[in-house]
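Number of protein chains: 4
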Amino acid sequence: MNTFGTLLRLTTFGESHGPAMGGVIDGMPPGLTINLDEVQSELSRRRPGQSPLTTSRNEPDHIEVLSGLYKGRTTGTPIGFIVRNADHRSQDYDALSHIMRPSHADYTYTLKYGIRDPRGGGRASARETLCRVAAGAFARQALRMAGINIVAYTSQVGNISIDTNYEKHDLSLIETNAVRCPDTDAAHEMEALIKTMRTQGDSVGGIVTCIIKGCPAGIGEPIYGKFSAALAAAMMSINAAKGFEIGDGFALVSARGSEANDCFVHGEDGKIHTRTNHSGGILGGITNGEDIVMRIAFKPVPTILKEQPTVNDAGEEVVFAATGRHDPCVVPRAVPVVEAMAALCTLDYLLINNATQKIFF
Amino acid sequence: MNTFGTLLRLTTFGESHGPAMGGVIDGMPPGLTINLDEVQSELSRRRPGQSPLTTSRNEPDHIEVLSGLYKGRTTGTPIGFIVRNADHRSQDYDALSHIMRPSHADYTYTLKYGIRDPRGGGRASARETLCRVAAGAFARQALRMAGINIVAYTSQVGNISIDTNYEKHDLSLIETNAVRCPDTDAAHEMEALIKTMRTQGDSVGGIVTCIIKGCPAGIGEPIYGKFSAALAAAMMSINAAKGFEIGDGFALVSARGSEANDCFVHGEDGKIHTRTNHSGGILGGITNGEDIVMRIAFKPVPTILKEQPTVNDAGEEVVFAATGRHDPCVVPRAVPVVEAMAALCTLDYLLINNATQKIFF
Amino acid sequence: MNTFGTLLRLTTFGESHGPAMGGVIDGMPPGLTINLDEVQSELSRRRPGQSPLTTSRNEPDHIEVLSGLYKGRTTGTPIGFIVRNADHRSQDYDALSHIMRPSHADYTYTLKYGIRDPRGGGRASARETLCRVAAGAFARQALRMAGINIVAYTSQVGNISIDTNYEKHDLSLIETNAVRCPDTDAAHEMEALIKTMRTQGDSVGGIVTCIIKGCPAGIGEPIYGKFSAALAAAMMSINAAKGFEIGDGFALVSARGSEANDCFVHGEDGKIHTRTNHSGGILGGITNGEDIVMRIAFKPVPTILKEQPTVNDAGEEVVFAATGRHDPCVVPRAVPVVEAMAALCTLDYLLINNATQKIFF
Amino acid sequence: MNTFGTLLRLTTFGESHGPAMGGVIDGMPPGLTINLDEVQSELSRRRPGQSPLTTSRNEPDHIEVLSGLYKGRTTGTPIGFIVRNADHRSQDYDALSHIMRPSHADYTYTLKYGIRDPRGGGRASARETLCRVAAGAFARQALRMAGINIVAYTSQVGNISIDTNYEKHDLSLIETNAVRCPDTDAAHEMEALIKTMRTQGDSVGGIVTCIIKGCPAGIGEPIYGKFSAALAAAMMSINAAKGFEIGDGFALVSARGSEANDCFVHGEDGKIHTRTNHSGGILGGITNGEDIVMRIAFKPVPTILKEQPTVNDAGEEVVFAATGRHDPCVVPRAVPVVEAMAALCTLDYLLINNATQKIFF
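Residue numbers (numbering that gives the first Met the number 0), protein chains in the order written: chain A, 0 to 360; chain B, 0 to 360; chain C, 0 to 360; chain D, 0 to 360.
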């Protein structure tokens with residue numbers, strides 16, 4: 000299923016080393032002025048080769064928007080876009096075409112489809128996420144007009160972590176370092192660890208924290224369409240994501256109800272707020288107007304330069320070590336992907352909620 | 000959205016203190032012999048009042064199946080069912096009807112819908128999960144015929160946890176204690192903690208571990224329909240769920256790629272397997288034939304007998320303490336709900352995968 | 000697929016001679032006052048035995064609403080309802096259980112599902128339409144609050160037809176006769192024809208015309224979600240429907256563009272209107288504010304008392320003649336079903352359209 | 000909603016005079032060898048300028064496939080494609096940008112979206128159907144491997160019609176004339192009528208008949224997913240479609256049950272067949288193995304060179320006559336579009352039906 004969303008729907012296509020990646024954004028509200036430079040700029044945040052920490056694959060990732068805009072404004076019709084793949088190098092992958100790389104999707108795709116496209120991981124490549132980032136950049140601009148802002152950052156790399164309370168950090172510092180961590184000291188340590196991984200030909204995982212600010216109360220559909228469930232699916236659909244938590248998440252397990260409950264209080268702004276936000280802005284699957292806070296765990300990327308025993312597609316045992324480009328920690332580049340998925344999910348649910356509002360009364 | 004699933008769809012209805020709960024299971028494959036006693040038995044595993052640890056609300060939770068079966072077999076038509084609510088006691092809730100209970104959904108439902116049904120939390124009540132358990136009991140029987148079995152257990156209550164490796168435990172012991180924990184010693188400690196919570200009028204959270212055994216490789220749709228994403232949404236849709244992880248989950252964050260990768264190996268059964276299973280049976284969103292392992296974090300239930308400051312629907316600050324029935328730890332009763340959601344999700348994805356199989360070749 | 004709709008979703012279940020029919024209406028806007036007597040009254044319009052023209056099956060068709068209403072108002076949660084089947088008489092069907100009745104669904108259901116529920120046609124029975132009528136009665140009340148009214152009538156039985164221009168008829172006369180035809184003279188002829196069919200043990204088809212008045216412009220999603228396409232699917236999903244047309248429909252085939260075009264004109268009400276309405280209120284799949292007009296063709300019901308050669312499920316040739324109850328023309332009872340499907344479809348599309356309105360500007 | 004289908008999904012984008020049209024085909028079964036020349040050839044059947052009867056707009060309509068194929072075979076991943084718009088001529092449309100053309104979608108799109116893209120009708124242009132034809136060409140190749148073939152032809156233009164029984168015609172003659180009518184004599188008359196319309200600056204409607212041969216029994220989902228309802232929606236989503244009928248359709252209205260019923264008979268091939276096929280191959284919404292037959296009515300295209308009174312977007316009354324290119328009868332070019340929609344719909348439902356087959360037994 001290559002479509003994400005209910006009323007706002009992103010459909011994507013493209014293989015890592017095919018001619019192009021692309022997508023269709025359907026359901027975008029009409030009449031919104033879109034800054035395409037900002038879309039391009041988000042793509043650049045995600046693209047490889049942007050810092051010494053990431054893979055050196057050099058892709059300009061230039062977006063061509065083919066429809067849905069007229070004189071800079073959305074028309075309500077679908078926004079089609081493509082991004083050409085400049086750096087095919089498919090010859091790199093010829094040697095791999097019979098090897099089942101450990102913890103990659105080669106094996107499962109081959110079993111599922113009975114056919115293997117060996118070109119750079121094909122559809123399973125994280126390169127697909129550029130389509131998410133492009134679409135997310137449209138959604139973010141729409142959300143901003145509604146007063147909703149989304150920010151994400153790296154909160155852990157390996158065992159180097161920062162305070163889990165985002166209010167303790169100066170979020171304006173996120174983009175000042177290559178790991179996208181608001182704690183500059185920790186950022187230095189994270190960078191050092193990633194460089195060590197590069198030297199060792201190994202990789203390391205991490206955590207991205209994401210905050211949605213300004214989301215009105217009432218967003219989210221109860222029972223099976225809880226906003227927290229939708230966000231979980233959105234984030235767990237990102238390559239290498241292995242865990243998700245909302246609010247205090249797993250830490251709530253060892254709390255008492257009397258500690259974990261967010262009591263309501265009359266706020267200075269005349270609105271009802273909660274004293275604390277252990278719930279991460281969502282109660283019963285519906286937003287309560289507080290900041291929405293979530294954390295996503297990413298495993299170490301499976302491509303490493305070390306030798307690993309595995310099998311080929313004939314079932315023979317072989318030893319495999321990746322060569323060439325190598326991205327020892329995907330987490331800094333996952334930050335804009337997380338933001339994009341949060342934006343798409345939030346705008347979709349905003350539209351769903353709006354559907355039943357203000358018709359009859 | 001009160002419907003779960005794509006090809007196998009569960010649609011549920013009902014408020015905690017209305018006349019009945021119910022649901023419709025659509026898309027169940029035809030010709031399957033269903034044991035209704037087993038369905039009833041699963042409902043009894045979930046129902047309150049089954050042990051001294053849970054709420055004393057006494058509901059027989061008798062299921063009436065209204066359609067979709069003929070002479071004990073599924074016909075391919077939708078299975079409608081209802082469960083009458085015997086123990087309304089809606090007078091219990093009159094006093095609550097203007098109070099925004101901390102960390103409950105009263106506030107968000109009222110904001111979203113502009114109308115409040117105060118009867119026992121209305122639709123937001125965890126009583127809705129009985130419909131999931133009923134439907135899950137049908138799905139489990141279907142899955143068993145395909146060689147797929149699902150088991151869940153309590154792996155943590157408060158800060159009492161057991162080894163995260165399920166292979167270290169004797170899963171046949173799960174149902175031998177009231178907390179549904181396969182480690183009998185830990186189970187005693189958990190029970191003691193829950194009883195303490197009851198005495199203190201407080202509550203505590205926990206973790207449920209769930210394993211899907213026998214699931215064939217190739218299940219799951221890449222990109223936005225990853226099986227791991229679908230399971231995350233399924234689990235995060237359960238009341239009080241605040242976190243989800245698959246395989247080693249958050250623990251993978253601090254691992255190296257060389258430690259986290261699951262290398263392929265030629266198994267004794269002539270099939271390809273992985274030496275380790277850090278990925279939890281899913282690579283690139285698709286099952287690889289190993290056991291699927293996940294953990295779900297539940298917050299402490301917000302209903303506690305202690306006094307808490309909050310506001311009423313006029314925005315006035317009040318002090319609130321729940322009275323009457325009180326379930327200090329929802330985790331043991333969440334075990335069959337987790338199994339049910341896993342069963343529904345797995346059968347749905349099995350059908351989706353089957354759609355493109357064996358037509359053309 | 001037993002669910003109809005996108006944001007307003009009706010899911011139904013039940014076999015003709017099982018314990019009950021029922022359904023779940025999900026997505027109904029909250030806060031609407033619903034008159035349940037009107038729902039019951041719509042069910043009575045559809046039920047058999049209401050006039051000498053229809054089958055004598057005697058069903059009270061009493062609806063029990065199980066959820067989704069609180070003090071007479073919708074709460075935004077799903078509305079579950081059941082209608083018990085009083086008149087099972089399943090022994091009537093024992094003899095039929097091996098016969099493939101001509102032009103019935105026995106054969107196709109058996110081939111599809113590999114199992115046959117012979118009780119009164121099982122799920123394929125037109126009795127399922129009572130669930131549509133019940134749900135439609137909720138939707139109609141919602142639409143009326145938005146100024147939208149739906150009316151349908153019998154415009155043809157056999158070869159007795161009335162003027163296709165609905166403006167030529169006094170629609171207040173529809174319910175004054177048993178065939179639901181606004182032309183009283185034609186109604187008498189139609190009744191006579193139906194009685195002749197009853198005497199002959201034969202059946203006859205007909206056409207239902209349906210008009211949606213007051214629907215605002217802008218409803219309908221272009222391309223694959225055209226409102227005309229959605230209405231077509233809604234109507235063609237009714238038992239025995241074999242044709243659908245919108246506006247002048249098939250008659251437009253032999254018209255010239257210069258005759259068929261609906262020119263725009265400045266109306267006396269200050270709004271833009273069309274001089275004519277050959278398009279039936281829909282242009283490019285989207286409503287233009289004029290009356291929406293459609294016609295649905297129903298085949299003669301296949302149950303007739305005459306002998307017909309057919310086969311049984313062993314493939315043997317047999318002669319079959321129905322016995323017992325017999326409804327020689329389904330069209331009068333299809334009128335409320337058509338209205339119900341129009342109401343469900345219109346409210347659904349009204350909500351979809353509303354989703355992108357009034358958020359950003 | 001720019002997506003069509005459930006398991007096989009086509010999502011399209013593009014405006015008539017924007018940079019490109021395009022689409023994504025998701026859910027295509029893997030491993031199928033696709034002949035791209037055939038896809039291109041289908042596009043050429045649809046494109047304008049192919050005969051003196053159609054508009055002279057000259058578009059090469061060259062398809063570029065961007066993903067989803069590897070060495071000529073489908074991989075199971077989405078097939079993205081684009082077709083550049085060569086012949087923009089958007090200056091033609093500047094004069095139109097404020098006029099509400101009679102029976103066009105200008106008015107309804109503008110009302111719905113609050114913004115108008117005047118370039119050639121924008122998204123409402125029938126040029127979108129090239130994406131349907133491209134996708135349909137993939138689906139047809141898949142269906143052919145399953146023994147299913149689809150053919151459509153022009154059966155009426157204006158009041159020139161041919162025998163409604165397709166078995167009376169030699170379908171191999173369809174492509175031998177520019178109107179795509181298997182009756183050569185009638186074809187000459189139709190051509191003459193269309194040329195007259197061109198001379199008069201007027202337009203005329205017509206009917207396309209479509210037959211699906213070789214479709215196995217059991218395809219179609221009962222109740223709301225009837226195959227006949229899905230086909231109706233598919234066809235009514237085509238530009239200018241105003242009516243749909245299956246089997247004998249509207250003609251069944253005046254038939255008796257004893258005439259209309261399709262009695263079952265033991266066929267010479269050892270299978271059960273029906274003696275007649277008034278039902279058009281579908282009973283209770285499910286295919287019975289006979290040929291599926293349907294007819295679609297198209298109105299005369301609204302673009303005519305004659306003067307018509309209408310209004311502009313300021314609500315002022317103006318006189319409008321189209322200039323330049325003019326396609327007096329869309330029906331011959333609608334033939335491949337009808338075939339494409341039939342192919343997409345059939346393959347989708349084949350996959351849906353397959354989902355529950357052969358898993359458990």
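Any given hint could be a false lead.
[Unchecked claim] Incomplete in silico selection of chain A near chain D, CB under 10 Å:
{"#": "1", "residue": "ILE78"}
{"#": "2", "residue": "PHE80"}
{"#": "3", "residue": "LYS305"}
[Unchecked claim] Sample of chain A residues lacking proximity to chain B, with all beta carbon distances greater than 12 Å (derived):
{"#": "4", "residue": "THR2"}
{"#": "5", "residue": "GLU220"}
{"#": "6", "residue": "GLU258"}
{"#": "7", "residue": "THR355"}
[Unchecked claim] In silico lysine to any residue, SDA-like type, Cα no more than 20 Å apart, as pairs:
{"#": "8", "chain 1": "A", "residue 1": "LYS357", "chain 2": "B", "residue 2": "ILE114"}
{"#": "9", "chain 1": "B", "residue 1": "LYS357", "chain 2": "D", "residue 2": "GLY146"}
{"#": "10", "chain 1": "C", "residue 1": "LYS357", "chain 2": "A", "residue 2": "GLY213"}
{"#": "11", "chain 1": "A", "residue 1": "LYS167", "chain 2": "A", "residue 2": "GLU188"}
{"#": "12", "chain 1": "A", "residue 1": "LYS305", "chain 2": "A", "residue 2": "GLY200"}
{"#": "13", "chain 1": "D", "residue 1": "LYS212", "chain 2": "D", "residue 2": "ILE114"}
{"#": "14", "chain 1": "B", "residue 1": "LYS194", "chain 2": "A", "residue 2": "GLY213"}
{"#": "15", "chain 1": "B", "residue 1": "LYS270", "chain 2": "A", "residue 2": "LYS167"}
{"#": "16", "chain 1": "A", "residue 1": "LYS212", "chain 2": "A", "residue 2": "GLY288"}
{"#": "17", "chain 1": "D", "residue 1": "LYS357", "chain 2": "B", "residue 2": "ILE114"}
{"#": "18", "chain 1": "D", "residue 1": "LYS70", "chain 2": "A", "residue 2": "LYS212"}
{"#": "19", "chain 1": "B", "residue 1": "LYS212", "chain 2": "B", "residue 2": "ARG143"}
{"#": "20", "chain 1": "B", "residue 1": "LYS270", "chain 2": "A", "residue 2": "GLY200"}
{"#": "21", "chain 1": "B", "residue 1": "LYS305", "chain 2": "A", "residue 2": "ALA254"}
{"#": "22", "chain 1": "D", "residue 1": "LYS357", "chain 2": "B", "residue 2": "ARG72"}
For the record, the hints were derived by calculation from the structure and aren't laboratory data.
Since the structure is predicted, the reported quantities are computational estimates derived from the model, not experimental observations.
Ideal placement from N, C-alpha and C gives every residue a C-beta, glycine not left out.
Q. Quick check: which numbered hints come out false for this structure?
A. Structure breaks hints 3, 4, 5, 6, 7, 13, 14, 15, 17, 18 and 20.
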